[in-house]
Structure formats: structure tokens, C-alpha cells
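These protein sequence lines are chains G and S, in that order. Quick note on numbering that gives the first Met the number 0: the first sequence kicks off at 0 and runs consecutively. Quick note on numbering that gives the first Met the number 0: the second sequence kicks off at 0 and runs consecutively.
Some hints here could point you the wrong way.
[Stated by the list, open to error] The calculated DSS-like cross-link candidates involving lysine-lysine, where the alpha carbons are at most 27 Å apart (straight line), are:
#1 G:262 <-> S:174
#2 S:162 <-> S:174
#3 S:139 <-> S:162
#4 G:262 <-> G:56
#5 G:262 <-> G:275
#6 S:162 <-> G:262
Worth flagging that the hints you see were computed from the coordinates, not collected in a lab.
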Amino acid sequence: MTDQADFLAQFSNALATRTEAAKDAVVAIRLAHGRHITGMVWRSDIVVVSEQSLPRKDDFELVAAGGSVLTARIAGRDPSTNIAVLRLAESIASPPITVGEAHTGAVALAIGADGAGGVSARLGLVNLAGAEWHSSRGGLIDRRIVLDLRLARSEEGGPVFDAAGACLGMSTFGPRGQVIAIPTATIERIVPLLLKDGRIARGWLGVALQAVAVPDALRQTADQSSGLMVMSVVEDGPAAQAGIVAGDIILSVDGASTHRFRKIAGHFGSDSIGRKADLRLIRSGTVITVQTTIAERPAA
Amino acid sequence: MSDAASKSAPAGGLRVAIYAPDLLRRTALSGVVAEAGHIVVGAQDAADVVLADGDCLPGETRPVVTLGGADYDLPGVLSRQASASQIDAAIRAVSAGLIVRVPDAMDAGFGVMRETDGPALLTPRELEVLATLAEGMTNKAIARRLNISLHTVKFHVESLFRKLGARTRTEAVAKASDRRRYETITL
Numbered sequence: 000m001t002d003q004a005d006f007l008a009q010f011s012n013a014l015a016t017r018t019e020a021a022k023d024a025v026v027a028i029r030l031a032h033g034r035h036i037t038g039m040v041w042r043s044d045i046v047v048v049s050e051q052s053l054p055r056k057d058d059f060e061l062v063a064a065g066g067s068v069l070t071a072r073i074a075g076r077d078p079s080t081n082i083a084v085l086r087l088a089e090s091i092a093s094p095p096i097t098v099g100e101a102h103t104g105a106v107a108l109a110i111g112a113d114g115a116g117g118v119s120a121r122l123g124l125v126n127l128a129g130a131e132w133h134s135s136r137g138g139l140i141d142r143r144i145v146l147d148l149r150l151a152r153s154e155e156g157g158p159v160f161d162a163a164g165a166c167l168g169m170s171t172f173g174p175r176g177q178v179i180a181i182p183t184a185t186i187e188r189i190v191p192l193l194l195k196d197g198r199i200a201r202g203w204l205g206v207a208l209q210a211v212a213v214p215d216a217l218r219q220t221a222d223q224s225s226g227l228m229v230m231s232v233v234e235d236g237p238a239a240q241a242g243i244v245a246g247d248i249i250l251s252v253d254g255a256s257t258h259r260f261r262k263i264a265g266h267f268g269s270d271s272i273g274r275k276a277d278l279r280l281i282r283s284g285t286v287i288t289v290q291t292t293i294a295e296r297p298a299a
Numbered sequence: 000m001s002d003a004a005s006k007s008a009p010a011g012g013l014r015v016a017i018y019a020p021d022l023l024r025r026t027a028l029s030g031v032v033a034e035a036g037h038i039v040v041g042a043q044d045a046a047d048v049v050l051a052d053g054d055c056l057p058g059e060t061r062p063v064v065t066l067g068g069a070d071y072d073l074p075g076v077l078s079r080q081a082s083a084s085q086i087d088a089a090i091r092a093v094s095a096g097l098i099v100r101v102p103d104a105m106d107a108g109f110g111v112m113r114e115t116d117g118p119a120l121l122t123p124r125e126l127e128v129l130a131t132l133a134e135g136m137t138n139k140a141i142a143r144r145l146n147i148s149l150h151t152v153k154f155h156v157e158s159l160f161r162k163l164g165a166r167t168r169t170e171a172v173a174k175a176s177d178r179r180r181y182e183t184i185t186l
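Chain G extracted, bound-state conformation (with noise of 0.2 Å):
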């Protein structure tokens, strides 16, 4: 036999070895129709979940590895960074997770759970690891994690390990079917919360927002090119209150530009809630300053 054939048996008996070791790593969720997806343990007590997949109910059936069935319930759900957390009724083994960093380029291992005890595996690269961003539901996810390696639905929520056995994130699906990974850093930072209060709290003025540019008769008086287009005001919501209607421009929060979106996005944190806003605007042609109290967003 050559090095080389050694080296390829090598390589494949280390990933089945690692695949197997991550059988108490998830557990199947199950869904209507036979169907299940797979959700990560983190701890003896507790499993991470995709929250976009997960069915809006409390309460739900798990298969751990060896096929015993437990219960579930939820623990919290949080849209914007797409995870949800299940509290199981009794507690099982728990594998130690250790924080891996994703590298482009780098070996990632999805595991699955197969619904009936097992674990199904796949092997890819990371095809792209990137700097931090913000989903379209307004939360911060710690690093951009694009997986190179198909996922099926059921596999949807397992861990994705690097060649060391750390664990760089849970898998989810982005856009179009791409598979992309939530950062364990994410998740160490999400989890406590849901934990406390079953959501994370965000700040919120109850307005719809278009980013437009700002005419030209006014970009010397505004002082800057773009702004957010009111479209559409929450009746009741803290912004009708402040008497904010539909077509003000926003140009500025606190001092924050709008110019992009996600600079002031940090401004609507959980620590926002009651705080007074400075909101600057266009209004028929007129630059003026308007005062709100930023609410709680409400449960969607």
C-alpha cells in the first residue's frame, strides 16, 4: 500500500470516528408528517434549534442519540438571529462544546441527527468566513460562515465541526438554499438570554422603513445624501405618538446618521427600551428634530 492510500484510509477512518462521537452532539426534533430536524445539545438540559424551522407550538417530541423519545418545551425563540432554545424534561449526556473559528478554506463536518437514534454526516469546506453582519430581521450575527456542502432538511440545526472537533456553529440555510453556519459565539451569547426571558428584547418606534435619497434641494440642509422613508406608522405605536407620519425622511437618530441602516441598527438594543430618541427629519421641505420614547418591540 502507498503513503498516499494510507493517508485517504487515515482521513476516513478519522471522520467516521468523529462522526460517531458526535452521536450524543444532536438530537432529532420531530415534526408533523414523520419528518424531523435536528437540533444541537448544549447542555445536559438544553437544545439549540433553528428557529426559522421550528413550528410555532410549546411543546415537542426529541429522539437522543439511541433512540430514547424525550420532551421538549420551548425556552425562548429569537427570529433575528435565528435561535431557539428547548428546555428537555430530564437531562442527557452532554458532550463538552469547545469554541472552534472558522478559517475560508478550512474542513467543516455537519452532523445530523437521522430521527431514530443515529447521526448522518457531511463532510465540505468553508467556503467563506467573513467578518460579522445583520440578518434582515435586525440581529448581529459574530462572523459571516458559509458552508461548502449540502444539508438536508432534517439535517437542518445540527453542529458543524472543524478538523479539531470544535464547534464552529450550528448549521441553518441561508438564501437560495445556501448553507451557512449561526457562530457558537452567537449562540454562547444568545442562549443565557432566551433563557431569562424566552425572547431578546429590542428597542422599536412602530414605523416601516424605505431607505430613499434625499432631493436634491435639500442635501445641503440635510447634509447628507440618504435617508429612511416613513412608510407606514403603527397606530398608537411610540412614532405616532411623536406625531411622525408617513413620507418624513429620517435623517438622523440621536446623531446617528441613517445613511446606512445597520449603524444605527446598535441603537435599538435591548438597553434602548425607555430611552428619549432625537429623531431628525424632513417634513415638507423642512429639516426638524422630533422627540420619542423608544417602546418594546411587540412578540411578532
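Based on the hints, put chain S in the right spot on chain G.
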């Protein structure tokens, strides 16, 4: 999947069980289904198709059309705002053993916040012109509605085409509504 279409449904219509926890929605959906020529049956009765408002009950074995449910693997997956004709078409399709998806839903998935770059942003006036284009108005009618000159209307329409990368009015309206759908921020 069972060959439900061949069972004894009345000519042209199917037996549809509606699962909707909310009574108002249930009544509205019953109306939509009956209007389309189907028979609304009780939740436990023999049915060709189950129409579920949101998630259906676990263990459902009949073909299901869900409106806004989280289970994307069901035969029929529509949004909660699906139109009456979409609901009717989906009911007929799943009863014939087909699966139904809305193109938008294929685009679902946890993604990044999209933001248009500065030069391609529309001005408030351009958005007004766009709304009139969506109504199918002519340049002359737009000029009258917005009380601006025909020349100015043409100027705005050209600018819209350029910023949206559109060649026709229909394309401009479609691209703008796409942007609005993906880039509207709720705060």
C-alpha cells in the same frame, strides 16, 4: 401519497377539511373554499385535502396545504396572505399528488439585511411616479396627477429605469416592489 383525486368527490369539487384555530379565519377560509366549488367538511371527516391556517396538527396523514406554516416539507406551502385563486389551485394540485411552492418561499432562508447603494436609491418624487406607473397610468395622466410637466415626468421615468436597471415600465414596477419587499425595515 393516496390517489385522493379518484375518490368520490363531487364533480369538479373536492372535500376540504379546514384547520384554523381562529374562528374568523376559519369562516373566511371556508368561504374561499366553498366559493371555489369545493365541499367544506369537518376536521375529522373523510377529506381529500386539509387546508391548515399555519401549522397543522401533528400526525396528519392527508395531503395538507398550509398557509404560513413552519413545515416547508408539506405538499402545499403558501403564505398566510395567499389569494383565493392560489388556495384553490393549491388544493387541486396537492389532491392530484403534486407539490406546491411559491417562488418567493424558495428564496426564504436566514439572510443578510439588503441595502441598496446610494446612487441607486430613489427619491421621494420618484417613488410617487413609481406608484402611478404601478397603476398603469400614461405619462400624460401622471403629469396631471402629480401636477408636473410632461417633460419632468419623462425625466423621472428615465431616472427610474436607470436606477432600477429596468427597460420597461412593468419591469421597473416589479423590481421596485422586490426592493421594497426585501429592504423595508421595521423599527
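Query raised in the report: Do the alpha carbons of residue 262 of chain G and residue 56 of chain G lie within 27 Å of each other, as the hint requires?
Result: Violated, at roughly 34 Å.
Requested in this report: Quickly compare the C-alpha distance for residue 139 of chain S and residue 162 of chain S to 27 Å and report which way the hint goes.
Outcome: holds (22 Å)
Requested in this report: Could you grab the alpha-carbon distance between residue 262 of chain G and residue 275 of chain G and see if it respects the 27 Å cut-off?
Outcome: Holds, at roughly 18 Å.
Requested in this report: Compare the distance between the alpha carbons of residue 262 of chain G and residue 174 of chain S with 27 Å, and conclude whether the hinted pair is satisfied.
Outcome: Holds, at roughly 26 Å.
**Report entry** Distance restraint between residue 162 of chain S and residue 174 of chain S, which requires alpha-carbon spacing of 27 Å or less
**Finding:** Satisfied, since the Cα-Cα distance of roughly 10 Å is no more than 27 Å.
**Report entry** Satisfaction of hint between residue 262 of chain G and residue 162 of chain S, Cα-Cα up to 27 Å
**Finding:** holds (24 Å)
Taken one by one, the earlier hints fail for this structure only at number 4.
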